[in-house]
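Let the hints inform the model, and build the full structure from the sequences given.
Residue numbers (my numbering), protein chains in the order written: chain A, 19 to 358; chain B, 22 to 302.
Think of the hints as simulated: they come from the structure by calculation, not from any bench.
Among these hints, one or two may not hold up.
As the list claims (entries may be wrong) - Covered stretches of chain A, going by a simulated chain B footprint (3 or more residues, C-beta under 8 Å): (1) 58-68; (2) 119-131; (3) 213-223; (4) 228-238; (5) 297-305; (6) 342-354.
As the list claims (entries may be wrong) - Far from chain B, by Cβ distances over 10 Å, these chain A residues were calculated: (7) ASN20; (8) GLY26; (9) ILE91; (10) LYS185; (11) ASP267; (12) ILE313; (13) CYS328; (14) HIS357.
Keep in mind it's a predicted model, so treat the numbers as computed, not measured.
Think of the CB as a built atom: it goes at the ideal place given N, C-alpha and C, for glycine as much as any other residue.
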Amino acid sequence: MNIEEYCGIWVFLEHKDGAIVPVSLELLGAGRRLADKRGVPLSGILIGDGVKGLAAEAITYGAETVYVYDDPIFYHYRTESYMRAVIACVEKYKPEIFLYGATSTGKDLASAVATDLATGLTADTTMLDVDAETGLLEASRPAFGGNIMATILCKKDRPQMATVRPKVVKALERDPERTGEVIEEPVELREEDIRTKVLDIVRHTVKKVRLDEADIIVAGGKGLGGRAGFEMIGEFAKRIGASVGGSRDAVEAGWIEHSRQVGQTGVTVTPKIYFAIGISGAIQHLVGMQNSGLIIAINKDSNAAIFQACHYGIVGDAFEIVPMLTEAFDQALREEVEHG
Amino acid sequence: MLHIVACIKQVPDTKIIKMNPKTNTMDRSSAPAILNPYDAHAVEEAVRLKARYGGKVSVVTMGPPPAVKAIRKCIEIGADEGYLITDRAFAGADTLATSYSLTKAIEKIGTMEPIDLIICGKMTIDGDTGQVGPGIARRLDIPPLTSVNKVVELDREVGYAVVHRKLEDGYEVIQTTLPCLLSVEKEINEIPYSTLPNMMRAARYQPVIWSVEDLGIVDRTKLGLKGSPTIVAKVWPPDKPKGGEMLQGSSEEQVNRLFSILMNKKELFHKSGATEEGGVQ
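The structure is reproduced here in structure tokens:
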């Protein structure tokens, strides 16, 4: 492999319901910074059915070129069809770095592409940098359950690929003045070449709350002792209009479902207020919530690591503190109603 | 006969592992080695499919000799046979090299008995990548299906399966040809207590152990550290947060102080007290 032939930073532009997903816009922001540092172009690759219009949107967020594969065969995301488009595009234009959102689609696609291209792929990256001279991507991620951070390099193969966690890098301000080029690529795939079919897509009728979009999260951990503890914080959350989350221990104990797990193997959240109640603060939890606006910790153990990561801490029994806090909100609410 | 291969890994329990603060390395003795929790669900799903359709479940792993213990755990869950590939040449493998070695083992298992389905856990708790499963599928040139949380039906004769793939807000129903590879979510099943006969069989079970030589034609440049495009350049402890203000006084005083702090962000709280979801489900 001649590494010199590979040039430019790429971002896989994932889209949903007719819009580019936030993490892809964030990656255009990060990609722009890497591209400027290296002095190389930033491009996006957009695959779908009727998605050409989104290319202009990617340009307003920093892409100079957008490669588009627009065909009914791409109506649903399928590993095999998308992978073939991506591989064809990489082989044609040879980017040096290729970033994907660490979403289920991004991870699925990147894993398959990396195998066929026999190149390195770093999963769930939380920090990105590039060496301006060598062009080496420095992809850093929590490892061993978040106990350490590791910087991963891919020295001899290209493109250097990484999936990047949502909300760890910032998108640029949308700027309609930015200009770029949209290149439509030929699609040489036939339906009969694809071995999977999407028969149906079922959306949950009750709209599940996206924890990563919540303004306030009340999260509980092992210290809550059981489902009763979660009922208690659920009551508090309901009172203040918050979503409920949990630590890995609480999820593994079955007190709360996995989709609400905050942390390294769960969701990364950045609410305006995060309550950590009965959560000790293992690193794998902290990496999932440490960028929250205001972190309040309540824990019996004054040595709990969570107190090092919070803005305000209360050492005390959650079963005493939380009902008092709930009552304080109730009272404020009553007064507000009375005084109109 | 339906032949399912589950790929598993023995991992240190990262939940309780201790780090050596001086060297930034793991103190492996501090953490027991366990069967990767996601893989237990993969094996359980294979066992359930066997119960539904008849057939055989084989498990395969790459690791040091003590990984036999993880295979025994799979036998306890109900797997029929276990294969351990172990060799110094595999050491230092990243996900690309790991998928190559496991593929070679699976190909060999397949020559003895054709394989209809491969099941992996969503990811391992030490690597946290989820990349090996799809990698194996690509190398075998079979469809990879990740985030699977239900196997609806499977027909070996016609050669297809229907599964659910979990989405952020629901699921998709996918039809695939067989053989294929599934990476499964934990929620796909619950693992019951092991039966006594399985436990007894597991206690005595000796898996088939293969070294590189046993795997047939292997490109040694694709193994272990040599075959790994990625390298760990640096490890460091995560930033230590500096800590916040500890509220003082009686519980009541602390709550009052916290409440006034929160009231500075009053606009965030729902006045009606209604939530968008009605609490925890």
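What are the numbers of the hints that this structure violates, sorted from low to high? 1, 11, 12, 13
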